[in-house]
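> Going down the list, the sequences are from chains U and C. In terms of our numbering, the numbers along the first sequence are unbroken and rise by one, the last being 401. In terms of our numbering, the numbers along the second sequence are unbroken and rise by one, the last being 1203.
Worth double-checking, as some hints may not be accurate.
[Stated by the list, open to error] Think about it this way: if two alpha-carbon atoms lie no more than 30 Å apart in a straight line, the pair counts; the simulated BS3-like pairs of lysine-lysine are:
#: 1; chain 1: U; residue 1: Lys243; chain 2: U; residue 2: Lys357
#: 2; chain 1: U; residue 1: Lys15; chain 2: C; residue 2: Lys1140
#: 3; chain 1: U; residue 1: Lys399; chain 2: C; residue 2: Lys1019
#: 4; chain 1: C; residue 1: Lys1132; chain 2: U; residue 2: Lys22
#: 5; chain 1: U; residue 1: Lys366; chain 2: C; residue 2: Lys1194
#: 6; chain 1: C; residue 1: Lys1110; chain 2: U; residue 2: Lys178
#: 7; chain 1: U; residue 1: Lys15; chain 2: C; residue 2: Lys1194
#: 8; chain 1: U; residue 1: Lys15; chain 2: C; residue 2: Lys1075
#: 9; chain 1: C; residue 1: Lys1140; chain 2: C; residue 2: Lys1028
#: 10; chain 1: U; residue 1: Lys15; chain 2: U; residue 2: Lys374
#: 11; chain 1: C; residue 1: Lys1132; chain 2: U; residue 2: Lys374
#: 12; chain 1: C; residue 1: Lys1028; chain 2: U; residue 2: Lys22
#: 13; chain 1: U; residue 1: Lys87; chain 2: U; residue 2: Lys76
#: 14; chain 1: U; residue 1: Lys15; chain 2: U; residue 2: Lys399
#: 15; chain 1: U; residue 1: Lys153; chain 2: C; residue 2: Lys1019
#: 16; chain 1: U; residue 1: Lys75; chain 2: U; residue 2: Lys15
#: 17; chain 1: U; residue 1: Lys15; chain 2: C; residue 2: Lys1196
#: 18; chain 1: U; residue 1: Lys399; chain 2: U; residue 2: Lys131
#: 19; chain 1: U; residue 1: Lys153; chain 2: C; residue 2: Lys1110
#: 20; chain 1: U; residue 1: Lys25; chain 2: C; residue 2: Lys1140
#: 21; chain 1: C; residue 1: Lys1107; chain 2: U; residue 2: Lys374
#: 22; chain 1: U; residue 1: Lys15; chain 2: C; residue 2: Lys1019
#: 23; chain 1: U; residue 1: Lys374; chain 2: U; residue 2: Lys178
#: 24; chain 1: C; residue 1: Lys1107; chain 2: C; residue 2: Lys1075
#: 25; chain 1: C; residue 1: Lys1194; chain 2: U; residue 2: Lys374
#: 26; chain 1: U; residue 1: Lys22; chain 2: C; residue 2: Lys1194
#: 27; chain 1: C; residue 1: Lys1107; chain 2: U; residue 2: Lys22
#: 28; chain 1: U; residue 1: Lys132; chain 2: U; residue 2: Lys374
#: 29; chain 1: C; residue 1: Lys1028; chain 2: U; residue 2: Lys374
#: 30; chain 1: U; residue 1: Lys153; chain 2: U; residue 2: Lys129
#: 31; chain 1: C; residue 1: Lys1019; chain 2: C; residue 2: Lys1196
#: 32; chain 1: U; residue 1: Lys178; chain 2: C; residue 2: Lys1075
#: 33; chain 1: U; residue 1: Lys25; chain 2: U; residue 2: Lys399
#: 34; chain 1: C; residue 1: Lys1028; chain 2: U; residue 2: Lys178
#: 35; chain 1: C; residue 1: Lys1110; chain 2: C; residue 2: Lys1019
Because the hints were derived from the structure by calculation, they are not lab data.
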Amino acid sequence: MLEEYERFTDPGTIKELELLAKDLKGVRVLHVNSTKEGGGVAEILHRLVPLMNELGIECHWEVIRGDEEFFRVTKKLHNLLHMPGGKTLEPSDVVTYMRYTFENAAHIDTDPYDIVFVHDPQPLGLIVKKKKGQRWVWRCHIDVSSPEEEAWKFVETFVNSYDATVFHIPEFVREGVKVPTFIIPPSIDPLHEKNVELEEEFVRSVVERFGIDPERPIILQVSRFDRLKDPFGVIEAYRIVRKRIDCQLVLAGSFASDDPEGEEVYSEVLKAKGEDPDIHVLNLPPDSHIEINALQRGADVVVQKSVREGFGLTVSEAMWKGKPVVGSNIGGIRRQIINGVTGYLVNSTEGTAFRIKQLLLDEDLKRRLGRNAKERVRRSFLITRHLKDYLILIHSLLKGL
Amino acid sequence: MPEFRFRSELWTAQYTGIKASTLGTFLKALREVDDDTIYYHLYRNLFEYHFLPTDYWNSFSYWFAENGFPVLAEKFLALDLMECVCIPDIREEMVRIVEREGHSFDKLCKPFYFIRAVRRIVDLGEVARDIKELKEGVRKVGVHSLFYHLVTSRLVHRSPINDFSRWLLEVGEERKAEEINRLDLMSTDLYQVKEKLIEILES
Chain U
1 MLEEYERFTD PGTIKELELL AKDLKGVRVL HVNSTKEGGG VAEILHRLVP LMNELGIECH
61 WEVIRGDEEF FRVTKKLHNL LHMPGGKTLE PSDVVTYMRY TFENAAHIDT DPYDIVFVHD
121 PQPLGLIVKK KKGQRWVWRC HIDVSSPEEE AWKFVETFVN SYDATVFHIP EFVREGVKVP
181 TFIIPPSIDP LHEKNVELEE EFVRSVVERF GIDPERPIIL QVSRFDRLKD PFGVIEAYRI
241 VRKRIDCQLV LAGSFASDDP EGEEVYSEVL KAKGEDPDIH VLNLPPDSHI EINALQRGAD
301 VVVQKSVREG FGLTVSEAMW KGKPVVGSNI GGIRRQIING VTGYLVNSTE GTAFRIKQLL
361 LDEDLKRRLG RNAKERVRRS FLITRHLKDY LILIHSLLKG L
Chain C
1001 MPEFRFRSEL WTAQYTGIKA STLGTFLKAL REVDDDTIYY HLYRNLFEYH FLPTDYWNSF
1061 SYWFAENGFP VLAEKFLALD LMECVCIPDI REEMVRIVER EGHSFDKLCK PFYFIRAVRR
1121 IVDLGEVARD IKELKEGVRK VGVHSLFYHL VTSRLVHRSP INDFSRWLLE VGEERKAEEI
1181 NRLDLMSTDL YQVKEKLIEI LES
């Protein structure tokens, strides 16, 4: 499988990965997270685990179990860590969390492994199983820079028992983290349905299938229907652009059936769209990877106007397709976009509209920034880079930091 | 003929836990952080951004520019890593620049996060015994390897001469050695450097 990545990377990259892994042959690594399907973590692990095995590392992946009540608590914890506000953790929530932690500790065998990677807060408590000589790493995929304090304190008690933590960017690291912290941004897989090359004709057919005119400029934002993604700001920016340029806006995303807020936001977005036939609000099933891929390839400018982001990998996905992205000047987005080089970083709705217009009116600029964007992702946000980071991290943990 | 062994350098990033929110605290940290942290912000960033026309290739300059210190941004941008043979020297130079040109040391800025590079050097198993094999090796290896032999090996050997030129000198190819050592790696991207290297070795 590794050699399939050869065409996307610099010559020598695959050999370098093999050499890095040479000293790690036979090392046993376990990844634990909360789901096999859906979400960025599972998507990365589906590819990363077999790649590690191919490199001679004995790598396995386990998923924790829980009922509705447990996942209600972990969702609450996730939200509190991501953003303050809302109801704090109740003692009964802590009891639920710990009960399922011990149940999972009983059925997940972590003992045979040299390194255990625990992803996100849901399985965090499994650290109680750590054995002497093992190295445990907490891989945090969310922005915990300004959490609800009580929720963070709860998490911190576990975090500092790990041997190391990994965050996407240093801005996300809380001061209470006392163990070695690595900064490893997430990545995209160029072989995933979401990112593979598509025929132009196919792209056109998908765009047309959604009633979008492929002959007129398309502005696209891909995100779930969530206020934090600011779909209303995107519509406002589009309306400013529309005063000068005949264009269309596509808001493509989804909301889970058990996400009442998503449904509410979706309805509000439809209301904000009003009677405008050039705004296309697409609520797609979560596995619409190929459709999202085609929409990104069919778009002229991609927008990511989030108010807050874990990292915002949709930015890299669009950049990989040679699209300049106009993105909010926040967190992970500012790590991906180099302002004026691979796209634009913006701080307001007016600024978003201005940059979109600039790109729509200047084909050369659009092409140049798009080319740089693709190169930026090729060098910094592909799964092969992610794998390299993990290999060096494992090496450091086993041979001494 | 002596052997030339191709190596490559790879790294990941570790947060030092040190962040600066004023020029004063930045200067203090600049004096105190370890060499691998300076390496990360200068060398690793040069590698990371060499292929893009960025305004500021290193994160120190970028931070200065973002926080209203244009002179410092420019002076740090102009630091020539090809003339540096040890991190303490370049650190001293940077400290001198900030002490001389800095102002508003207490002004609140966006935080700067000091990151250290966790480095690994691997032997690629590629060996050259003559110029033809050296050229073939250069063609085969990736830009990480070129970066190591042309840039960071100067730190390893504490020498202003890169690995390729040192080997070429040993085998009596002074002209080629000199031409390679003159390549401007601060303003050329490594893909162009690779082409240029092959051209020099072929000439």
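> If you check each hint against the structure, which ones fail?
Violated hints: 8, 9, 11, 12, 16, 21, 22, 23, 27, 28, 29, 31, 32; rest satisfied.
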